[in-house]
Structure formats: C-alpha cells, structure tokens
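**Q** Here is what each chain is made of, one letter per residue.
Protein chains: 6
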Amino acid sequence: MKTAFISDLNSEQNITSFFLVCEKEIRNTREGKPYLRLELGDRSGTIEARMWDQFEGAAKDINRDDFIKVQARVELYRNRPQLAVMQVRLAKPEEIDIADFLPATKADVAKLYSQLLEFAASISNPYLKKLVASILDDPSIAAKYKRAPAAKVMHHAYLGGLLEHVISLCGFAKLSAAHYPELDLDLLLTAAILHDVGKLDELCYDRSISYTVEGQLLGHIVMELETVSKAMDAVPDFPANLKTVVQHLLVSHHGQYEFGSPKLPIIREALVFHYLDDLDSKLAAARAALAIDTGEPEWSAYSSALGRKFLRLDQFLKKP
Amino acid sequence: MKTAFISDLNSEQNITSFFLVCEKEIRNTREGKPYLRLELGDRSGTIEARMWDQFEGAAKDINRDDFIKVQARVELYRNRPQLAVMQVRLAKPEEIDIADFLPATKADVAKLYSQLLEFAASISNPYLKKLVASILDDPSIAAKYKRAPAAKVMHHAYLGGLLEHVISLCGFAKLSAAHYPELDLDLLLTAAILHDVGKLDELCYDRSISYTVEGQLLGHIVMELETVSKAMDAVPDFPANLKTVVQHLLVSHHGQYEFGSPKLPIIREALVFHYLDDLDSKLAAARAALAIDTGEPEWSAYSSALGRKFLRLDQFLKKP
Amino acid sequence: MKTAFISDLNSEQNITSFFLVCEKEIRNTREGKPYLRLELGDRSGTIEARMWDQFEGAAKDINRDDFIKVQARVELYRNRPQLAVMQVRLAKPEEIDIADFLPATKADVAKLYSQLLEFAASISNPYLKKLVASILDDPSIAAKYKRAPAAKVMHHAYLGGLLEHVISLCGFAKLSAAHYPELDLDLLLTAAILHDVGKLDELCYDRSISYTVEGQLLGHIVMELETVSKAMDAVPDFPANLKTVVQHLLVSHHGQYEFGSPKLPIIREALVFHYLDDLDSKLAAARAALAIDTGEPEWSAYSSALGRKFLRLDQFLKKP
Amino acid sequence: MKTAFISDLNSEQNITSFFLVCEKEIRNTREGKPYLRLELGDRSGTIEARMWDQFEGAAKDINRDDFIKVQARVELYRNRPQLAVMQVRLAKPEEIDIADFLPATKADVAKLYSQLLEFAASISNPYLKKLVASILDDPSIAAKYKRAPAAKVMHHAYLGGLLEHVISLCGFAKLSAAHYPELDLDLLLTAAILHDVGKLDELCYDRSISYTVEGQLLGHIVMELETVSKAMDAVPDFPANLKTVVQHLLVSHHGQYEFGSPKLPIIREALVFHYLDDLDSKLAAARAALAIDTGEPEWSAYSSALGRKFLRLDQFLKKP
Amino acid sequence: MKTAFISDLNSEQNITSFFLVCEKEIRNTREGKPYLRLELGDRSGTIEARMWDQFEGAAKDINRDDFIKVQARVELYRNRPQLAVMQVRLAKPEEIDIADFLPATKADVAKLYSQLLEFAASISNPYLKKLVASILDDPSIAAKYKRAPAAKVMHHAYLGGLLEHVISLCGFAKLSAAHYPELDLDLLLTAAILHDVGKLDELCYDRSISYTVEGQLLGHIVMELETVSKAMDAVPDFPANLKTVVQHLLVSHHGQYEFGSPKLPIIREALVFHYLDDLDSKLAAARAALAIDTGEPEWSAYSSALGRKFLRLDQFLKKP
Amino acid sequence: MKTAFISDLNSEQNITSFFLVCEKEIRNTREGKPYLRLELGDRSGTIEARMWDQFEGAAKDINRDDFIKVQARVELYRNRPQLAVMQVRLAKPEEIDIADFLPATKADVAKLYSQLLEFAASISNPYLKKLVASILDDPSIAAKYKRAPAAKVMHHAYLGGLLEHVISLCGFAKLSAAHYPELDLDLLLTAAILHDVGKLDELCYDRSISYTVEGQLLGHIVMELETVSKAMDAVPDFPANLKTVVQHLLVSHHGQYEFGSPKLPIIREALVFHYLDDLDSKLAAARAALAIDTGEPEWSAYSSALGRKFLRLDQFLKKP
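Chains as they are written, first to last, in my numbering: chain A, 1 to 320; chain F, 1 to 320; chain X, 1 to 320; chain B, 1 to 320; chain Y, 1 to 320; chain E, 1 to 320.
Only chain A is shown next, with the shape it has when bound in the complex:
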C-alpha cells in the first residue's frame, strides 16, 4: 500500500512507495552519461525522478501509465524536490489501490446507474426515450458513464462524479417541471442525461484526470453533438424538428458564448436546463470547498470554480 504521498515529501527523506509513471525517457548528462528520467504521480501531485545507475532493466520493463514501486531519496534540484531512485519495479495489481491515484465517489455506482436507467425509462416521448436508451445501452458508453468525472477541477472532479451530477439534475428537473407546468419534462430529462456525454471522451480518467487531445480540439459540446446526432439518425422516424431541438439543448447548455455555447438558449427548457446545470455544478463546487479542512473554522477552502471562499454557516451561527 501507498505510504508516502507526493505533496507530503520532505527534503532528505528516504521513502519506499508506489507511483504512476506519467513520463519516461532516457537522457544524457553533459558528460554523455545516460540516465533514466521519470515523471511520477499520485492523487496529490507529480514529481521528477532520476535513476543514475543500473536503470537498464527498469528502463526496459517500465512504461508510461504503469504503476511502480520505488525506493528513493528526496533531493532538491534546481530548487525543486526530486527523487533519486535507488530501486524500482513494476507494482503488482494487488499492491495498488486506484483510489490512491484517482479520487472516486463514495456513492454506490451500480445503484446510481440503475437510477439513471429509471429516469431514462420514465421519458414518455417515444423518440426521446429510444434516443436516450440507445445511448445508455451502448456498453462502451455505459462503462465510461459509470466512471467519468464531471470535470478536471471545477466540480464533481472524481470518478463517478458525472453520474452523481446527472442523477442530481434528473431529480431536480423533475421537481422543476412539476413546479413550472409549462416545461416539458421529457426534454429536461433528455438534456440532463445527454448534455455531458461528450465528457466521456473529452476527459481521460484511467489513471489521472486530464483532457484528451480530441477534447482540447473540440470540447464536449461538439463531441456529444456528433454522438447524439448519430443516435437520433438511428432511431426510425425521429422527427427532424425534434432532432434540431435536442441539438439546441446540447449546444446552448453553457448559457453564454463566453462559456463555449455557440448559441444562447431560445427554448424555455433550454433556458431552465442551463440554470439547473449551473446551479448544481456551482453548489457542488461550494460543497467540495467546504469539505476541505483549512484550519480556518469559519471558511472553506478557496474554490477556483467560484473564485471565492464560502462561509461555514454552522460555525458562524453557533458563535456566541
């Protein structure tokens, strides 16, 4: 099991622990002597590592994205901590707890996913119901849907976070449609379930959360537009105008141009869905900031998604 996290390393410390290989290469010193250079990571950050002697075996066996066991000394180099590796080997699967490398939801994912399927099944419009079902029934999508985070840093930034976010939105959409009878619940549920499907491939979350190259070139709105459009084309007799409406729900859900929506919402369901999505994301960001113990009794951690700290209301109100 992992014993030392990168953010906790102290200079001149000897450690034995497990890391993810983020980068690997052979380099030469100025004198021409080769050495092994690695970038290692865990859920707390990344660190440079160098192995100067007897690294040939390691260099052959170890590759990017491998988990390894390392015995090393923490040194300062160019004023930043670095590992001088003495021994290294591939970790055995049973030695690795992926949670040391990637944070994950504490909820029961299987249960969340069956809730999702229930929401999907509750859609009454037959075309939308078939559309959503065809997406969720695709095994490769379903597998990713159960794992994907909702974002890299902004909100729900952990495995299963996207699913949590969508379930919350489906429930809130149901309440909203009950409160505002002018709203079509089927459209809200369709938007909730499909609006972030592009994130399944915009993000990469095998061993750490990052953006894929495709994600950086296109973004999840553009990516899911293609996925969902193809799925609509595959539903027999899917009405052309309804297809346009679903596409509008997807492309307008960020609500403003500067947040990457190429169109503003001009359907009531699109307007409302944007608010629900934004509220759920921001509240999750506040929740995450409040979950971090900063030592300041009345203040959360600083939330970069919100640009501020939140007040711990209970601490503030209980004061004399």
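Honestly, the hints are just simulated from the structure, not real lab data.
You can trust all of the hints, since none of them are fake.
The list treats identical chains as interchangeable, and a pair is accepted whether it falls inside one copy or across any two copies.
Subject to a maximum C-alpha distance of 27 Å in a straight line, what follows is the list of computed DSSO-like cross-link-like pairs (lysine-lysine):
no., residue 1, residue 2
1, Lys152, Lys309
2, Lys144, Lys111
3, Lys129, Lys144
4, Lys230, Lys129
5, Lys230, Lys130
Source: prediction; values computed, not measured.
Mind docking chains F, X, B, Y and E on chain A? Use the hints.
**A** Chains F, X, B, Y and E in isolation, oriented as in the chain A frame:
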C-alpha cells in the same frame, strides 16, 4: 368604459375616451395666447393633448393623476400624433376600470397572500419566523405587497406580479431544499419573502408603474436592507450573526456586482437563492414574450429582459 | 416591371407596382368588418397593406411568398406609411425580375463555381480532396452554394456572396501558404471551402435573406459540423485524427468565444484561417459601405459590421 | 525588542525574537507522536513553527493572538522555511512594540482627530452637523476611528490611515466647493467623514489587518449604511429626503457597480465626492509605492492597487 | 433675425427664416425634371429642403456654408418634415446672429483669455514657461483658443467652452498642488493649458460643431502631440527628459486605453491631472443636463456623456 | 566560452562561467561587514551573487553592463539559489559570445536589410519613397534596425526579430495588394516598414531586452509618430493630407483601443495592415512555442502571447 387606447389612435380620428393625466400645465403660444397642455396616458402608452378654447374650467378642476373623459381629434404635430381636445371633464370613479391603465395579475390576490402567510408560518427558526411575520403583519406593507409589480418592464410587470413571483419562489425553494438536504429551508423562505420588499417603495404603481425618486437614489436592495434590519432589531434576542446572514442574503441576491449586488453570495443558501430568483424572473420574461401574438407563428415577441425572441416549441414541433 | 420601390414611396401617392407577399391574414375592424392585411416587400424594405373591399378573390388566390401586382394609394396610418390596396393579382413569372427583390452578385456565377471546383481539385491530400469533392458534387448543395449570400447584413449580403467570399479566401489561402511555408495549403483550402457550408441552410434566400428557424437554433457552425462530419464518415478510411482536425478548423473559425466559436484555434492553420476569413469579411464590409453614395464626399456609409464609416481615400488625397 | 523579521530569515540560522501567534494546534506525526504547530507572524509576513519536545507547558499558556518570545532554528520543510522551536514563552507587554507587528501613521493622531472634529463643527446644516457629531461623539466609534487603517492593502494600509485619508478628503472637499460654487460643502464634508465608517468594523486591526467575517458578508458600504441611518433616525426631525440623500452619498461613493456601489452617483456632490475619494486613494497608493526602495533608481515598487509602477520624476529629470 | 428654429417647425406651417446651407445639389425627379435639394441647419438641428421652380438663380448664388433667407412651407415627405422652398436669397451679414447657429459661452472671452495668460505666466520652470508662452503667443492658435468648444456633445459643447474648461482646470490644479505638496504645479498647469490644444483642429466650429477629417483620422491627442513637440524643439535647450514627461502628460490624460490614451499615467502629476480633467468634464456635463428644463421638476435632462439623469437637489430637498 | 547557464545551475555545484552584470552594490551584513552584491544574467535568466572576501578590487573594476568571468559555488539562500563568488574578473571581449546573452535571428541580417531596401525602393509614390528612404538611410536608425527585436516577450523576441517581422510583412503586403486590387501597395509597404520604428528606442537590447524609460512613458506608437512626422516635414512638398494618412496608419495599427491604438483604422489599407501585422505576430508566437521541446509530444510550450498551447499537427496526424 374606455373605447380607444393610445397605441391604436389614427391620425384624423375623432375619439371619446378616458385617460390618466400624467402632466398638466398652462402654456402660451408665440402670439401670447394661453392654452392647456396635458400629457395623457393609459396602459398602452402616453400622448400629448392641447386644449385651445374654453379650457379655464378644465384647467381649474383637473390635476395630475386624475382620470378624465376626453372628446378630441387626433392630429399630427411636429410629426407626432397629438390630441386636440374639444371637451373634457373629470371621470366618475364608476367609469374607470383601473385595469385599463395598469395591467394586473389574473390570479386571486387574496388567495396568493394567504399562501404567502402559510409559507411564512412554515418557517421553523423562531427568530426568522418572527421577523417575517412582523413584516407581513404590518398593514401598510401588506397592502402594498398585494399590489406591487415585480418590476417596471423586466418581468412580472403588472399589479400583483411581485406576489406571484414570491409565491413561485417559496414553492421552488421548498423543492430545492428537499433536493439538496444541505440547504436550510428557513433561510431560503426568508430570502424569498423579503428579497424584494424594497420594491414596495422603489416602484410607484398607483396609476402607472414607475420608479420613485427614492427608488432611483437607493434601489430596492438598499431600501429593504433598512426595513428588514429594523424589523430584526425589533425581534427580542434576534442573534447578531443571524442578522448578518439575513442581511447578506438580501444584498447578495442579484448575484453579481454589475447587477447591483454589493457583495457576491458566499453562503450556499445565498448562492442557490440567487439562481432560483434569476431563473423564475427570466422564465417569467420568456412566458410574457410568448404570450404576445406577433404574427410570426414560431416566434415570441422580443424580450428586452432576455435580449432575444423565444421559439414557440409547440408550433415548431407540430410542423410536418 | 417594378416601377416603385418601398423606400421611395411618398404619402398620398398612387402607385402600380410588384411586391413580394411576406405575410397575409384576414382581420376584423372594431366594428367587425373583415379586411385583408398583407405585409409586402421588395429589396428596399417592407410595408403594410390593407384591402377593405372586394378582397375575397385576392384572399383566396394570394399566399405568402407569392409575387403580386398591386394598384394602391400610399396613406399614413398611426404615423407610418401604408398601402390602401385597390386592385391586386398574382404576378406572372415573366413580369418579375428577382433582382428587384433580392440583390445579387454581378460576377458570373458559373465561372466562380468552376473556379471553386478547380481549387477543390488542387487539394493533394487524398482524403481531404475526396471530402471536399463529395460535398461539392452533391447537387442539392451545389445549387445552394451558387445562390447563397454570405450573411444577412454583415458582408457579402447578396445572392452569390458566399461563393465570392470563398473564392477570395481560396486565393488568399494559396498566397498565404506560399508566404508561410509552415502552413498546410490543403487544410487552408478545405477550411475555406467548407467553413460556411452551414450557411446554405442557416439562411433562407429564396425571395429575401433571413434566418431559418434551424439556423437560429443551431447556427451555421453547428449545422455544417454535422454535414461535413457525415461526409468524412462516408470517405473510406478517412483518418480519425484528420477528421478531428477538420472539425477543429470548422468550430474554431470565428476565432473567439464571443463570436460563437466553442473552441479557440490551437492549430496554426486554424489560427491563420480565422484571420483570413475575418479580413476578407471586414474588407468586404468596408467595400460595401464605400459603394454607397451618402452625399458626404469623403465618407462611406456607416457600416454596422465595422461600427464606423470609412474614409474615401481618393477624395481625401486629391484635395489641394 | 524584535531582532529578526520573518522576511529576513535565512535557512540554518538560529534566532531569538518576538512573534504574534496567528494559529495554534496540537498535531500528531505519522508515528502518532504529538507536537505543537504554530503559525507566527510579524509585519513582514508569517511562518510555520513546530515544537517537538517539552511543548506541553507552552501549549497550555500560549493562545492565538498572544505575543511570544521564541528561540528557534530556521529549517527547510517541504521546500519552505520553518521554525524548529527550542524555547518559547509569553512576551511581556513591555517587550513588545506593536509597530513591529502593525505599521502605523507617523502623524500625530490626537491632532488629526481634533482636525476632524473641527471639520465636523464647520458643517452649517443643523441636521448634518448633529448627525456627524453624534457619530464622532460615540466613544466606541471614536476609539476605532483613531486606529483604523483605510484598507488592507490598497491604500493607507496602516493604523491611522483612515483618519489621514478622511482629513485629506475634508480639506480637498473644502477647496473643491470653493472652486465649484454649485457644490454643497456640507454634503461633501458629511460624505468625507462618514463614507468609510463601515471600515471600522469591516476590518480587524488589533494585531494585524484583516477582514472580519461580517466585513466579508456585508462590506463597509452596507455596514455603515445601518450605522448612519440609525444615527439619522436619532436626530430629531431629520428630514426624510435629506436622509435619502445621505444614504445615496454612501452607497454611490465607489462610483461604479463593479466596485461594489449598488447605485451610480446621480447628485453632483455624490459624483464629485467619488472623484475626490478615488483620487486621494490612488495618489496615496502611488505615494506608498514610491516610498519603497526597490533598487531601481527610476521606478517605484509595483502597486497592486494601481496595477503598475510609477516613475520617480526627480530621478528621471535630474539625469543629464 | 431668425424667427423659426428647425426643432419647432410644424407641418403645414408657412415660414420665413434664416438658415445655414449644409449641403447643396441639383437632382432630377424620376420624370427627369431637375430641382434644387438643400440641407439646411441652425443650432436646433437640420432639415431637408427642395425648390422645384425657378431655382436656377439660387442654385448659382448659393453654396455650402452660406447663410440664406428662406420663404417656405413645411411638408411631410416620406414621413419626415421637409421644406418646400418658394423664395431664397443670400442673407446679409447684418441679418445673421451667429449665436442662432452656434451656442457660445456667456462669459467674457477676453477676460478668460487674460486669465489664461496669467496662469501661463505663473509657471516657474523656465522651459515650461517658454513652451506654454510660445503656444499661446501664436496668433493663429490664440484666435482658435478663444473660440473652440471643448467637445461636440460631451461637455462644454459651445464656443469658448474649451477656454472655460481650461481656466477651471488651471484653478483647480493650483488648489490641488497646494493640497498635495508632492505635486509639481508647473507640470499640472502645463498639462491643463496644453492637453486639449489638439481640439483646436480636431473640431470644426465655424458655423456648426463637427469633426474635421484630420480629427477623425488622428484625434486631438495625436494632433497636439505634434504641435507641442515642435514647440518644445523650438525652445532652446529644452531638456530631453522634460520633453518626454510633457509628452507623457498629453498622451496619458484620458487615463485609460479604451478612452484613447495609448499609455496609462505613471507620473503622479499625470494621474492627478487625469482625475481633474475627468471631474471637470463630467461635472460640466451634469451642469448642462440640469440647465435644461425637461418638465420633470426633480430630474435633469438625460446626459449622454454620463449615461443618466441627475437629481435636482434643491427641488428634492425642498419637498415637505 | 560560457559553460554553465543560469537556468541549469544546481545547488552545491562549483562553476566557472561568464555572466552579464545587471546590478552591482556594496552592502553591509547585520554585523556591519561589507560585501559585494551582484545580480548576474545570461540569456537563460538572472541570479543573485555575493562576494564576501577580497572583493575590493572587483568592486572597483566591475560595473553594471560589464561581462565578467566568475568562479563560484551555488548555494541556497532564503530558499533561492545564489552564487557565493570566489573569484571574479572582467571578461575579455574575445571570451564573450553575445549570443550567450541575447538570442539572435539565425538569418543573414545583411541580406535581410538589403531585401528591406529593395522593398523600400519598389514604392512608386515619390513622397512615400523619399520618406522611407530618408528613414532607412539614417545610419543611426539603420544600425538599430538591423539589431532590434520585435518585442520583449510576445513575438520575434530576439536580435534581428524586428527586421524579420518587417520583411515578412512587406512580402505579405505585396501578395495582399495583388489579391485585393482596391488596396494601395505603397501605403501598405510604408506602414510595414515604419510601423515599429518606435521600437528601435522603446526597447533596449544592448545586452538584454528590456524597455527604456522613454518607452514606458510613451510607447513605440507615440515615439515613431514623432520620428516619422519629422521625416515627412523634411521631404519637400510632402502633401499635408498624405502626411495625415501616414500618421493614421501608424496610430491605428494595433487595431483596437485596448491594445494602445488611439484611433481605429478607417482607411482600408489601415484595416488590412492591422490584420497582416497581427497575423504575422501571432503566427510567429505559435512558431516560437512549437520550437520549444516540452516533452509533451503533441503540445507546444504555453505561449503567453496567445494564452494557449498549440498542437503539433505532424505528431497528431502521424498517430495510428
């Protein structure tokens, strides 16, 4: 009863109808001949009127904010339509339907207000409950609360509009607190009921909707801050920190500096209330724009609150 | 032939001319008498028209988007000019010159289109060449491509304007790739030819230039993304990464979020293409503003696309 | 007396000096061994400190906000300097010069305050004079008014800074009213004296300058609005409209929404006061930046309040 | 003398009055009949005029920028008022009061200018004194300086307005330098006197206030930069660094990039001068808006320079 | 020759290398012992250096902007690397390769400059041709033109960079004028050659690239305005309007107020030149970011000029 609305007047038309006196003055022509100049209004707009002969009696009897009966001819003057008044007298109260001058909610105001009192009574925190009750029990506030519009043009811009908006928010707040257990329903209800109390005096809505001078100098956030703070001071033992929290809910509810909130929400309930308030207002603006028949089957009227037209979804989807 | 244009009508004038029917409906006067209300248009603007008597035959024969011959008198109504129609009939095709209703390029469209095909044929990458060919060879696309304007008002706002704009871009792209050898000409040409394909259906330009409902819900970037993506899927073995690159060129070509691009250019060709497209559009807008005689010898008309007037350099420099 | 300031500490140095306790807690090492963790501060910054042995007595006696005498060694930990404390005891009052912990004005505060009272006494409007007097005569307000800084970092960020700023504004207001006879000096003086009264409690400046929780929830504009409004209510017969004017002066003095003013100035005195306040603050920020010796002969320190460095004019002009 | 102002013309009125010729051209009717088209102006606005018969003599004698006497009838054409000219002749100089065409200061210009010379003479730095003197002593500059407005619409938009503005700034600069001893009065006075010298040629104010072509291409900052730089070069031994400082004062005086200053103030005198200039301009704009009787007792006219109306404080405070 | 670059220094390393003296001063330790403090630089960065013993000779001989040879040990001080100097002497000219201190173009500068002269000679307008020639023929300008970088960090930030940028612009201008016949090539070439002449003195690039004080006070647009205006005045009979046009090209070339252009382009050549300049600069910035090996195979270094990384297209497309 009113037979001609200002927005419908045609040049060279003879009319007999009722109007509100917005301005009144005696002026002289270049030749030094005095005449009576009025600005008249109804719910569709305003128009200039002049009476050239035998206006002395009228000038004595008629004042700003009076309702009058007018017989006149529509003429063009400096390229704008104007009334040449032939006869005028004060209207009798039974001749006037205030709805011809000020639009009003179609809902049952007494029923809405009793719903409001029920929401207020459902608050469990004793201090907040007393605070809200003391405001709503003030007869002068209650009388205005039953009449006030929520805005001059942006949303719910009709008598009773504020009450409709608040009732909708209370209901939505209840659903939201059920959905997000971390939220304190008492704070959300308090915010919903008190967040626009300043509008009771920021706006003037006796015979038309406009801003008071005080409203333009201070705005409803600053105005209600004083009203509600005094009410909190009058509740025995109201906790100081809770008072600060209520004040924060009021001052932060516009959500951003550029919309006149001097502080951003840093309590979760303040963040969520801002979203609920904004969503309810914007959806009402979309609803109002869709209620206007523009002759374009698929498009609402242009909503200046939203900066765009909305799609009539039913018209769009029913198309072949 | 058309003898009177709407922007030239004077009050109290009797006219006989041809118009496009933009709207048609039967309405009732307050007294309950039915009449025919039309909105008529030509390339200079639109005007309301009413027919009070013997309109039944006309009402049956005439529909939206028909061209009609009208005998009428120009009157002022609610302070705006209006036609009182005396006689009306459907126009015969030979009586109508579409150019009276829609402005068009003065260039030879067939020649421009063959230039376009030459540029398309000059692409050396086999996948991109097939992609572009498959789009341009689609007869329904080609027919629209020869007619479409590049915009409703901003630039090249006339039939054939899009084609002119694209030809100019292709030529400029070729010069740019020669000047900057690091640029891939194939990608620039592909972007030039396909970047506005969505406008073929975002705009409607049968009898006047306006936005389609689909265009307003999705916009041309989203619309062409689907068209072009399907075309790439139909090219055998089209490389997945190349597809992503082409999609990036399309979605990033507006260069900034606030202009509706959901992603900023992060490929050099995308960056450069954005500049070429913007320059060509803005220069065309300046050219159009300068083409209007405003009576001010040194100044162009005000260009809303550019937010300013341009100087007539020749007039300014020739002065003593 | 203090011998070593935090910003001057070097690694591996042994020091004996005085510090303020900013945080205190008992923590456990991974091996479960408890130790004392402190955050210590002085006017130059803050530093972590740990005491590993025999800290029980210290832990009992020492609390947050105490001044202590420390004997320690400077070490690097996780790449940041840290104190390894060997001995610690509470400082005696006579050992502490508060100026080592909080910067203060070099002016004579008593004299400044009597100048303030003179300005207050010069107000001729009887209601405004009573209002200002009632605020300044409140002993708890007066005590804070003599100590408060004008800001945490932006300008006059030292004890007595607020008083200096207000005195400068009063004098400048007098000159301005003489120069622009249309301005009411009483209103300008009232604004000058009361516009930052909320800062007395928005900031906390006992042992360091920071924001209070109430300050972060409400801000000084909202806070002083309540203080001053109550004071106006307590002046017999204070005219209602004059109260509104004073409130407007307070809420509009930041001049723009984005700087936290919920209303823009719409009275000339409010407009002018905003300029005077802004000019005095920004000039003070430039003065402070120029007072720092940066080693660059022609440039001041970077002023974060102004977003730039200022030129040392004397150095620049004296050059050959 | 002028008897009818353009803004007061009524339809179907017969008038005899004096106007400025803004444009003149011969046009043809559709039937090929020539007529004379004029655009006429006075201080209240502009109007189209047409002369259908016997205009040949007029067309020969009358040119742009002439003052003419016109007998005409006011008619509506394309829904805008227009003059049908019956008789026209050149006005005699003694018939024209330029004040009917261009508003002017009510102050004594000769007295203002001698005040300006006194301020200039009070500069103690010999180089700056010579610089300012050389500018003010140039007869062609002095003549314009006595006439120029300070702006077309924003503030001091009348003949002599620039001089009023500069005198006010000089006086205010003197007070400011007395209040803030760190400021160099010589630099402030130099900035005050020279900062708008470019407006002498940026604006054209012979018969109406408008921008010159050069003014639109360069703007007054760039224009005065050349004038003042040449004047500095002509002062023997003017120190190079002092020249740079004066140039900085000129180019930075708008205070922000978006207002056309290519550099932000980084000298204290430049910072302060920007505030004084802005305050004096904005206060003048408020003063002008308050000077217009709008019929609303408590509100000024809308000031486009300030984007709002101002409160009439006296009216507001006097109310019961 | 230089053997160790500052960015490569490791703690506890002994080095012997050459550096530029950026700052020099004698300081005292707390104990009052004097020492020599230097700031040393090379093209990779800067570092503090201290010499504790026998520094008197060095202190006398060595001055700011000297190149020196240093024997020293790398130590950590206040957590930053620092040199403890053991020996130091002035470097001999032959020991220094300026390229170790300032990056430079790899192109043949003499050849580039003769290309520039050819472009200048190709201008056909005699006044513009003489203007450009008079600038380029000035030996002191020519010398700087051959050395100047185009910017400190944004693009072409190396010796000769400005020349490269201008040559590229001249070529691109020629292509653009061929493509858009409405453009005047002479104006484009004049703009290209003169638009950054102010950078010759805005930047200082003797031994490192930085801003001059004059550059910070005025900026290159203002600086070149004076240079070029004087040169136009010196060309006999240079037409006044043409001078204004050239000045407009210079002051508008940043295209927007917020980028320091006091006027927006209102001549077509000014509009187009702004695009060409911006495109060439941004593409150069992308090129520079792509030239840096970051270890990420698909991504360039982060470009602060562009606010993003660029994709390495070749790497991305070659992937399976």
